[in-house]
Amino acid sequence: MSTPATVARPRDFLVAVGTGEQTRRRRPFPWGTLIVHALLLVSVVVIAFPLYYCFILSTQTVDQVIEKPPLLLPSTHAIENYAEAWRKSKMGRLLVNSAIVAVSVALGKISISMLSAFAIVYFHFRGKTLVFWMIFVTLMLPVPVRILPTYEVVGNLGWINTYMGLTVPLMASATATFLFRQFYLTVPDELCEAAQLDGCGPMRFLWKFLLPLSWANIAALFVVLFIYGWNEYFWPLLVTNTADMRTVIIAIENIIPRSGTELPIWNVIMAASMMALLPPVAVIVFMQRWFVKGLIESEK
Amino acid sequence: MKRTVFKNRWLPYLLVVPQVLVTLVFFFWPAGKSLYLSLFRSPPFGGRDLFVGLDNFTALLTDAQYYDSVINSFIFAGGVTSLSVVVGLVVAGLANQKIRGLAIYRTMLLWPYGIAPAIAGIIFLFIFHPSYGVLPYFLSFVTSYEFNWLLKGWVAMALVIVATAWTHLGYNIAFFLAGLQAIPSSLLEAANVDGAGPVRRFTAIAVPLISPVTFYLVVVNMVFAFFGSFGVIHAVTRGGPGHATEIMVYKTWNDGFIGLNLGSSAAQSVILMALVIALTVLQFRFAEKRVTY
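Read top to bottom, the protein sequences are chains A and B.
Sequential numbering from 1 applies to the first sequence in my numbering.
Sequential numbering from 1001 applies to the second sequence in my numbering.
To be clear, the hints were calculated from the coordinates, so they are not data collected in a lab.
Watch out, some of these pointers could steer you wrong.
[As the list claims (entries may be wrong)] Label pairs and their computed distance ranges (CB to CB):
#1 B:Leu1260 with A:Leu191: 16 to 24 Å
#2 A:Trp31 with B:Arg1285: 40 to 48 Å
#3 A:Glu80 with B:Pro1208: 54 to 62 Å
#4 A:Thr76 with B:Ile1277: 52 to 60 Å
#5 B:Leu1260 with A:Pro257: 26 to 34 Å
#6 B:Phe1051 with A:Val96: 45 to 53 Å
#7 A:Ala48 with B:Leu1260: 55 to 63 Å
#8 B:Asp1063 with A:Arg258: 24 to 32 Å
#9 A:Glu80 with B:Pro1130: 44 to 52 Å
[Said to hold, decoys possible] Among chain A residues calculated to face chain B with C-beta under 8 Å, some are:
#10 Arg146
#11 Ile147
#12 Ala172
#13 Thr175
#14 Glu193
#15 Leu197
#16 Phe234
Backbone N, C-alpha and C define an ideal beta-carbon position, used for all residues, glycine too.
My request is simple: use the sequences and hints to build the entire structure.
Put into structure tokens, the structure is as follows:
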């Protein structure tokens, strides 16, 4: 897991592209740097525009939303729009549902992956290769290739429209298992030997040694899996059939006007969208280091 | 492989039980059932399944509408992948410079990954909105062509492609940055001494060196676009106008869940399965050969 290229010490690897250190004294003005800044700013603005647009619409009245030329500045009606979105789509319940799904899927995947990776690395047992390949093959079976039968299985278990149905079928994760396996393989053998000499059993070893060592991996995985769980669309749509079990991502679709005769309450739709997208985006912004680590290392 | 292992007869089995159980019950059994159902015609409201051999597949392969959904899927996945990989590479190249404020730029570039494709679709739906959207408004000064995604299939396709590519950008930028930072600075310094400018150093040295990352991202973006994009189609276009944005995953769901044509839907699932297996094999074949600097 010691992959310096991906861990957050970027400056060490940065290359003197752009300025050329050795000629700096002779160069009066760093045009190259200025151009890079300008281009980066343009990229940031272009990439951020859709979110900005969503935000400003969520602060305008319906009249301002349909105004021409479009009003590209925030207005003062944020509170009433957000309150209306909250009321109209029972946002509180939706956000709680999404949080339950995202957190349970992430924790569930992490726990069962950690256990099976531990078994695969630290034990010899008959059928180990089979188990490993079974876990690997799940990568090739995303929800769309088994839509109806999975629905049927969940139905037979009586899990339609329950939190169990929303979370448990998503909990197998090949990538998380591989990540833990990779990590355990880098833990020196001496640690396990020493622990065994001191009479430490396997579960105690996992709990007291491996778990504390893998916090960084767990945090990184959690961030990535949380975002995945929060943004999942297909599965919640299949297994829920009442408004109070919906997650926020699939519920917003319900308030989009489908016929031309409905009032375009785009300000309220955008307010609801803002509430749905802020949690995962905030997780990325505030836990960026873990996010990048989790994203890149879970693909190795 | 570990030299030191624990000796226990039953504990390892106990440890893998949760994962194996979830895998068997929710992955293997349903996938097997999809294979089975694809060979039968099931009456939607109960009754015995009728074995029809490969009829469901031949029906699909002679159905022009199914071909359309295949073509739509490739246009969609190809569009999303090329747009988000190319833009991601250029932006990562810019952000991989020795300048002030880099950390802030990076944060400002990665966050779109957190936005669900369906939500992105809803935002772009309004940006493209024929009566009120900001894009048709500004385009109306340039051309009198009506960019109405409710009427014109290709505009609807462009809408879902741009929205999906936007959400993939953060992922691609993160991987390209990691790849670019792994390039030994000596190589680029050597090129600098030889008189190569920043653009040339990027195109002639950095881009070829990170081609393994690019290949990986192309495959992963294809997989995302093929199998993870149900939400954006369902929330925004519903496969329309007509069937212009009906991608394979959406059609599989629509035929099975809404149309209750279980046999055909299962056959479509099996074709999708073949596709994802091919893409995964491609991805891992390459991972083994991945160049390390």
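In ascending order, which of the hints set out earlier in this document are inconsistent with the structure?
1, 7, 9, 13 and 15
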